[in-house]
Amino acid sequence: MDKIRLTWLGHSCFLASAEGYTIAFDPYSKGSVPGIDLYDPEANEVICSHEHGDHNYREGVKLIKGGVNPFKVTTIESFHDPEEGAQRGPNNITILEYKGIRVAHLGDIGCMPKEEQLEQLRGLDAVMIPVGGRFTLEALAAVELVVRIRPRVVIPMHFRDKKMGLPMISTPESFLIRMGDVVYHKENYIDISKETSPQTAMLKAKTGK
1 MDKIRLTWLG HSCFLASAEG YTIAFDPYSK GSVPGIDLYD PEANEVICSH EHGDHNYREG
61 VKLIKGGVNP FKVTTIESFH DPEEGAQRGP NNITILEYKG IRVAHLGDIG CMPKEEQLEQ
121 LRGLDAVMIP VGGRFTLEAL AAVELVVRIR PRVVIPMHFR DKKMGLPMIS TPESFLIRMG
181 DVVYHKENYI DISKETSPQT AMLKAKTGK
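Residue numbers (my numbering): 1 to 209.
A hint or two may mislead.
Said to hold, decoys possible - Below, a list of computed lysine-lysine pairs in the PhoX-like style, where the Cα atoms sit at most 25 Å apart:
| # | residue 1 | residue 2 |
| --- | --- | --- |
| 1 | K99 | K163 |
| 2 | K3 | K114 |
| 3 | K162 | K99 |
| 4 | K65 | K99 |
| 5 | K204 | K3 |
| 6 | K3 | K62 |
| 7 | K204 | K30 |
| 8 | K72 | K62 |
| 9 | K204 | K186 |
| 10 | K72 | K114 |
| 11 | K72 | K194 |
| 12 | K163 | K186 |
| 13 | K163 | K30 |
| 14 | K194 | K30 |
To be clear, the hints were calculated from the coordinates, so they are not data collected in a lab.
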């Protein structure tokens, strides 16, 4: 079965894997996110949504040489704040497509995308979306974005809980109570295929070796 495996390493850091090729998103530097540290993940390449220390620690990922990238990669330029980057700068959204399966990592998106960008995001099989607010979209705005693009699987990220997260951002409850079909996974990964059930997937981050 064709699939993309999305593995959550905490905060906004994910591994996206298919056909033995892995892309790491937004690795965080040691000490930048209370309660978690990267555990030397391996990937063929690293994509960072923006240049803040809790999203751009490329040195924390062990690069695997070789491999053929099976993904079509599309970058959408956006902003880290509602003032077109005046507060916190730019942010990149990345869409990966593999054999018709489309997933998107929204980075630290801080504003509603423009209509033409929303059109690019519609029909996603999965979206990784920040829900903790303060530096990103607040929970209600994140819900609105989900409603407007209608992804099949929603994966919350960039929030605080009892064990980890930036102390000034929110827990995910305000987002989750407005979402349907919340599934609490026992693992830190989910396989996205055309058969994956619609859901809001709360993954259990792996915070150590």
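Tested hints:
The suggested pairing of K99 with K163 is violated, with an alpha-carbon distance near 37 Å, which exceeds 25 Å. The straight-line distance between the Cα atoms of K3 and K114 is roughly 29 Å, outside the 25 Å bound, and the hint therefore fails. A C-alpha spacing of about 38 Å is found between K162 and K99, which places the hinted pair above 25 Å, so the restraint is violated. Restraint check for K65 and K99: the C-alpha separation of about 23 Å stays at or below 25 Å, so the hint holds.
Between K204 and K3 the alpha-carbon distance is near 20 Å, which keeps this suggested pair within the 25 Å criterion. Of the supplied pair hints, the one linking K3 and K62 holds, its CA atoms being roughly 23 Å apart against a limit of 25 Å. Among the hinted pairs, K204 with K30 is consistent with the structure: their alpha-carbon atoms are about 20 Å apart, no more than 25 Å. In summary, the hint linking K72 to K62 is supported, as the alpha carbons are separated by about 22 Å, within the 25 Å threshold.
For the proposed pair K204 and K186, the alpha carbon gap of about 6 Å is at most 25 Å, so the pair holds. About 22 Å separates the Cα atoms of K72 and K114, which keeps this hinted pair within 25 Å; it holds. A threshold of 25 Å between alpha carbons decides the hint, and for K72 with K194 the separation of about 17 Å falls inside it, so the pair holds. Proposed proximity of K163 and K186 is supported: the alpha carbons are some 16 Å apart, at most 25 Å.
Distance hint between K163 and K30 is fulfilled; the C-alpha atoms sit about 16 Å from each other, no more than 25 Å. For the given pair, K194 sits about 36 Å from K30 by alpha-carbon distance, which is inconsistent with the 25 Å threshold.
Of the numbered hints listed earlier, those contradicted by the structure are 1, 2, 3, 14.
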